[in-house]
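Chemist: One letter stands for each residue in the lines below.
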Amino acid sequence: MSLSNDTIKQRLIEKFGDQVGHFEEPYGMLTFEAPKDLNLKVLQFLYDDEELAFRFLTDLQAVHYPDNKGRELAVVYHLHNLVANVRIRFKVFTDINQPDVYSATALFAAANWMERETYDFYGVNFVGHPNLKRILNVDEMDYFPMRKEFPLEEQTRVDKDDEMFGR
Amino acid sequence: MSDHHIKLPEGSIEKQTTTLNLGPTHPATHGVFQNILELDGERIISAEQTVGYIHRAFEKIAERRPLYQITPLTDRLNYCSAPINNMGWHLTCEKLLGVKTPKRVDYLRVIVMELARIADHLICNSIVGVDTGAFTGFLYVMQYRELIYEIYEEVCGSRLTTNIGRIGGFERNFTNTAFEKLEKFLKEYPKVLKEFENLFNRNRIFMERTIGVGPIAADRALNYGFTGPNLRAAGVDYDVRVHSPYSSYEDFDFDIPVGSTGDCYDRFLVRNQEMWQSLRIIEQAYEKVKSFKGKEAEVFHADVPEYYLPEKKDVYTKMEALIWHFKIIMGEIDMPAGEVYQAVEGANGELGFYLISDGGRTPYRLHFRRPCFIYYQAYEEITRGSMLSDAIITLSSLNLIAGEMDA
Amino acid sequence: MARPVQYNIYGQTDVKLVKEGPEGYMGEGFFGTSLDKVVGLARKNSIWPLPFATSCCGIEFMATMASHYDLARFGSERVGFSPRQCDLLMVMGTIAKKMAPVVKQVYLQMAEPRWVLAMGACASSGGIFDTYSVLQGIDQIIPVDVYIPGCPPRPEAVIDGILKVQDLVGKESLRRRNSDKYKQLMESYGIQ
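Just so you know, the sequences run in chain order H, Y and L. Heads up: the first sequence begins at 7 in our numbering, then just goes up one per residue. Heads up: the second sequence begins at 8 in our numbering, then just goes up one per residue. Heads up: the third sequence begins at 16 in our numbering, then just goes up one per residue.
Treat the hints with caution; some may be incorrect.
BS3-like cross-link-like pairs, simulated, lysine-lysine; straight-line CA separation at most 25 Å [said to hold, decoys possible]:
1) LYS194/Y - LYS166/H
2) LYS139/H - LYS112/L
3) LYS112/L - LYS67/Y
4) LYS67/Y - LYS154/H
5) LYS97/H - LYS67/Y
6) LYS194/Y - LYS300/Y
7) LYS188/Y - LYS198/Y
8) LYS52/L - LYS179/L
9) LYS67/Y - LYS75/H
10) LYS297/Y - LYS194/Y
11) LYS139/H - LYS166/H
12) LYS67/Y - LYS139/H
13) LYS319/Y - LYS302/Y
14) LYS112/L - LYS154/H
15) LYS300/Y - LYS107/Y
16) LYS15/H - LYS102/Y
17) LYS110/Y - LYS334/Y
18) LYS102/Y - LYS325/Y
19) LYS102/Y - LYS97/H
20) LYS112/L - LYS166/H
21) LYS21/H - LYS47/H
22) LYS52/L - LYS119/L
23) LYS166/H - LYS52/L
No lab work stands behind these hints, which were simulated from the structure alone.
Put together the whole structure using the sequences plus the hints.
Modeler: So this is what it looks like as structure tokens:
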């Protein structure tokens, strides 16, 4: 009845061989990685399989690692199996110069706005998304603010003195 | 106007749809989010949502601040129930640091979180009442929210954006006045909740306005990522407090109220029932807290020297306390590296914190899994085909808090 | 039979508890004073606010409007949501850059005389959110009359702010809105 991390790892390796890798368990949550072309296949497998049944997408977001050349943007999916109460984390890495990742909207309706938010903040282009445009920032913004190279504060403000504010 | 051709349903007498902007400033949208509705007469054909009118870039700010300075940011996520957000954040930090809190701290946290849940549900339900035209319920229950605010003030000093608790526990022990106010609340509030229910539950007008309005099926709700009272009203009994217990929730005995159709009436009833269950939990927690005697009754925080400020008298006399005080205030504490995801049951659903730390002083990446953002996507599907006034009721019964939506 | 009224002031006999009316010449059946004092008195005790609540300050405003810290006793019984019908624009909460054109448009739709109250730290100066997406204070786009600091301000502070607005309204000269100084102020914000 209870689904352990080892069982999940076993099933994934059986199905995808050595394409899934980097299995870790930080703080008890199984984390693994797959190439970005396989992300929909892995998600579909985790959804359809009767034993694994990860049918709830808890969270979808991205992380920017400017130092890993070729793998700068990581898209992270948190999935949850509500019946057996198991959570896993699934990461997909992509190059920043060509950040195309297949969209999971067809499988999880929840992914719609989460992918738009990820696009808005990091510029990850989700292929197949029905309406990929900015959601939280102003539409005219031409850069992706959460990337590490951009500053937090607005640079044109005149009333806040950076020295006094400790920046 | 409607430049994308929307096919009008059969039997419509209109020639084209009307575009109505249920704009960011509207009395019915409690918070700033926009809906552009395409109407055929009074029926809604489609709705397009725009959010982001209060985007404050929390996640970017959090990359700049040490852990304890992020707590005031989490306050402003779901500001109607700020203590739940604060406690969730402290639990995330404690998970990262590997801190185990003593039982008394857990029980006090449970009391504060359940009070916050009652406060949030009171706002949501009374605003549903206001939107149907019943203003009395709102005025009546706001009086009891003031009592809850007074309890917060005794503990942390502020009413709404509480910044309550610290990593490892609380900043000060709960005073006797706080417990007296809690007892007063526990004595007076059940009668008020009963009266509030009597005003609405079997009220003919309220029932006609909310039954069958804005339903959502359980499998669609799960696919959309719904959690919290909205999901429970649709029939799925998923509650983070039961599935992944945190802060000693497994020691308490409470039920999870579940609805059947997921319409506005079910959501209203589920929230009311959750308030009764919260009262039960608070009473049990208060009994447990009272049962600690002597030295144990003085415990209000775990021992986390790197993040919990030492006592002032130690700072003035002992060397280690002085050094820790300096390091904490100047923000020179390094975090252990790792990535952690912690979820708590917020008033609207599963509020998740995903924290990636690279061993520096500030988080490398902090992401808030905000339930309001995720379930607002389903609004179009919920209201398609309903009338305009029903759309307003659905909007307020979903309990959309703009601060949580945009973060 | 009315019960005897007691005043909570001891030792002062000649005290005026409530400033009843403006100064002027009283007589049998008439009262002579200047027009703007009367108009000011009427306006200040019947301000219709427009609560432009965006975030946490909005919830504190709801608590101020509720029965514990009743705002209606100062004349603001009817909160309107239509700018065409309201006198006082109360901006409560953070205004993001996406929302700024909306605030400006609401302000432009209000009819003279109009006053603006910035409630909370975010509306006054951006608050704790010194970021790329938050407008650092609404006075970058519209002229503000009263600022209420706090995060969120206590309901007593909100009432204090409203009383200050009432003060401003009561003392305002009838010619102010047509004066050159006011026109210059409006032009500096780009409002005709």
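Chemist: For each hint, tell me whether it holds in the structure or not.
Modeler: Consistency of the hints with the structure:
1. LYS194/Y - LYS166/H: Distance of about 49 Å is beyond 25 Å: violated.
2. LYS139/H - LYS112/L: Satisfied, since the Cα-Cα distance of roughly 18 Å is no more than 25 Å.
3. LYS112/L - LYS67/Y: Distance ~16 Å between LYS112/L and LYS67/Y Cα, so the pair holds.
4. LYS67/Y - LYS154/H: Holds, at about 9 Å.
5. LYS97/H - LYS67/Y: 21 Å, holds
6. LYS194/Y - LYS300/Y: 24 Å, holds
7. LYS188/Y - LYS198/Y: OK: LYS188/Y and LYS198/Y at ~16 Å, within 25 Å.
8. LYS52/L - LYS179/L: 16 Å, holds
9. LYS67/Y - LYS75/H: Since the Cα atoms of LYS67/Y and LYS75/H sit roughly 22 Å apart, the hinted pair holds (cutoff 25 Å).
10. LYS297/Y - LYS194/Y: 16 Å, holds
11. LYS139/H - LYS166/H: 32 Å, violated
12. LYS67/Y - LYS139/H: 20 Å, holds
13. LYS319/Y - LYS302/Y: 20 Å, holds
14. LYS112/L - LYS154/H: 22 Å, holds
15. LYS300/Y - LYS107/Y: 21 Å, holds
16. LYS15/H - LYS102/Y: Between LYS15/H and LYS102/Y the Cα gap is close to 24 Å, so the pair holds against 25 Å.
17. LYS110/Y - LYS334/Y: Not OK: LYS110/Y and LYS334/Y at ~28 Å, beyond 25 Å, violated.
18. LYS102/Y - LYS325/Y: Status violated; Cα separation ~29 Å.
19. LYS102/Y - LYS97/H: Distance ~21 Å between LYS102/Y and LYS97/H Cα, so the pair holds.
20. LYS112/L - LYS166/H: Within the cut-off at roughly 17 Å; holds.
21. LYS21/H - LYS47/H: The given pair, whose Cα atoms are some 10 Å apart, holds under the 25 Å limit.
22. LYS52/L - LYS119/L: Status violated; Cα separation ~30 Å.
23. LYS166/H - LYS52/L: 40 Å, violated
Figure legend: structure checked against the earlier numbered hints; hints not met, in rising order: 1, 11, 17, 18, 22, 23.
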